[in-house]
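Under the UniProt record's numbering, think of the first position of the sequence shown as 1, with each following residue one higher.
Wrong hints could be hidden among the right ones.
Cut-off 20 Å, straight-line C-alpha distance, at most; resulting in silico cross-link-like pairs (SDA-like, lysine to any residue) [as the list claims (entries may be wrong)]:
#  : residue 1 : residue 2
1  : K169      : R84
2  : K169      : A82
3  : K169      : G30
4  : K169      : L142
5  : K169      : A2
6  : K169      : T157
7  : K169      : G182
8  : K169      : A90
9  : K169      : D83
10 : K169      : G87
11 : K169      : S85
12 : K169      : D36
13 : K169      : R183
14 : K169      : H34
15 : K169      : A92
16 : K169      : A29
17 : K169      : V145
18 : K169      : G137
19 : K169      : Y86
20 : K169      : W33
21 : K169      : Q88
22 : K169      : P31
23 : K169      : P32
24 : K169      : F28
25 : K169      : A147
26 : K169      : H118
27 : K169      : P181
Each pair of labels, with its calculated beta carbon distance range [stated by the list, open to error]:
#  : residue 1 : residue 2 : range
28 : E78       : P167      : 35 to 43 Å
29 : G136      : G94       : 15 to 23 Å
30 : A38       : A2        : 26 to 34 Å
31 : G65       : D185      : 38 to 46 Å
32 : G65       : P115      : 27 to 35 Å
33 : W33       : D83       : 12 to 20 Å
Hint data in this document are derived by calculation from the structure and do not stem from the laboratory.
Note that the Cβ used here is the ideal one computed from N, Cα and C, for glycine as well.
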Amino acid sequence: MAAEVRTVEPGELPRYAEGVRDVYARAFAGPPWHEDPAQAAVYAERLARDALRPGFTAAVSVSAGTVSGFATAWTTPEVFPADRSYGQVAEALGPERTRAWLCGALEVNELAVAPEAHGAGIGAGLLEAVTARAPGGRCWLLTSVRAEAALRLYERTGWRRVAAPVPGKAALVVLLGPGHPGRGDAWAP
1 MAAEVRTVEP GELPRYAEGV RDVYARAFAG PPWHEDPAQA AVYAERLARD
51 ALRPGFTAAV SVSAGTVSGF ATAWTTPEVF PADRSYGQVA EALGPERTRA
101 WLCGALEVNE LAVAPEAHGA GIGAGLLEAV TARAPGGRCW LLTSVRAEAA
151 LRLYERTGWR RVAAPVPGKA ALVVLLGPGH PGRGDAWAP
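Make a model of the complete structure from these sequences and hints.
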């Protein structure tokens with residue numbers, strides 16, 4: 001049975017919480033993330049708070065009643081955050097590009113697919129589901145250059161790397177979505 005990708009309203013998230021936790025634990029346990037599977041419970045708690053963010057959207061992939069992937073996104077605030085990796089992103093892009101490219105754009109926060117479901121088009125479907133209503137095509141995400149499979153997915157679906165490397169040990173890179181107006185100025189070699 002093929003997986004069905006569905007957009008999920010914040011109030012529906014609890015129905016999928018156990019499956020999302022399971023996919024998160026398995027998807028991020030391996031390289032390059034090497035997260036302790038216990039972090040999935042922390043993510044589930046954060047997801048409940050994230051669902052309250054402006055512009056929040058989520059999608060899940062379900063096959064035979066089992067969650068095989070999920071994605072979340074929200075609108076990046078007009079005042080660019082400084083927590084998590086945001087400060088490093090702002091340092092890499094500078095204040096003008098950060099404001100023009102990212103503030104007010106739809107930010108893909110998480111995308112995870114169960115390892116046994118890789119290669120079935122689920123990641124591309126989830127990405128499309130959460131970015132379909134990006135304002136003016138302005139959507140972006142952050143990942144590690146060490147996440148080679150994820151980078152291949154993003155680039156295959158039309159996302160482009162920003163040439164400015166993000167400082168830090170995680171080897172992060174910003175990608176702009178297929179319809180983002182800043183893509184022409186942001187292409188990485």
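Now for the hints, and whether the structure bears them out:
1. K169 with R84: holds (13 Å)
2. K169 with A82: Holds - the C-alpha atoms of A82 and K169 are around 17 Å apart, at most 20 Å.
3. K169 with G30: With a Cα-Cα distance of about 17 Å, the restraint between K169 and G30 holds, given a limit of 20 Å.
4. K169 with L142: With Cα atoms ~14 Å apart, K169 and L142 stay inside 20 Å; holds.
5. K169 with A2: violated (38 Å)
6. K169 with T157: violated (27 Å)
7. K169 with G182: violated (26 Å)
8. K169 with A90: holds (16 Å)
9. K169 with D83: holds (16 Å)
10. K169 with G87: Since the Cα atoms of K169 and G87 sit roughly 14 Å apart, the hinted pair holds (cutoff 20 Å).
11. K169 with S85: holds (11 Å)
12. K169 with D36: holds (18 Å)
13. K169 with R183: Since the Cα atoms of K169 and R183 sit roughly 25 Å apart, the hinted pair is violated (cutoff 20 Å).
14. K169 with H34: The hint holds at about 14 Å.
15. K169 with A92: With a Cα-Cα distance of about 14 Å, the restraint between K169 and A92 holds, given a limit of 20 Å.
16. K169 with A29: holds (18 Å)
17. K169 with V145: Roughly 11 Å between the alpha carbons, so the hint for K169 and V145 holds.
18. K169 with G137: violated (30 Å)
19. K169 with Y86: At roughly 14 Å apart (the allowed maximum being 20 Å), Y86 and K169 satisfy the hint.
20. K169 with W33: holds (12 Å)
21. K169 with Q88: holds (11 Å)
22. K169 with P31: holds (14 Å)
23. K169 with P32: Within the cut-off at roughly 12 Å; holds.
24. K169 with F28: holds (17 Å)
25. K169 with A147: holds (14 Å)
26. K169 with H118: violated (27 Å)
27. K169 with P181: violated (29 Å)
28. E78 with P167: 35 to 43 Å: For E78 and P167 the Cβ distance comes to about 24 Å; the hint is violated.
29. G136 with G94: 15 to 23 Å: Since the Cβ atoms of G136 and G94 sit about 21 Å apart, the hinted range of 15 to 23 Å holds.
30. A38 with A2: 26 to 34 Å: Between A38 and A2, where Cβ atoms are some 32 Å apart, the hint holds.
31. G65 with D185: 38 to 46 Å: Since G65 and D185 have Cβ atoms about 45 Å apart, the given range 38 to 46 Å holds.
32. G65 with P115: 27 to 35 Å: Given about 19 Å between the Cβ atoms, the range is violated.
33. W33 with D83: 12 to 20 Å: At 19 Å between Cβs, range holds.
The structure fails to meet hints 5, 6, 7, 13, 18, 26, 27, 28, 32 from the earlier list, while all remaining hints are met.
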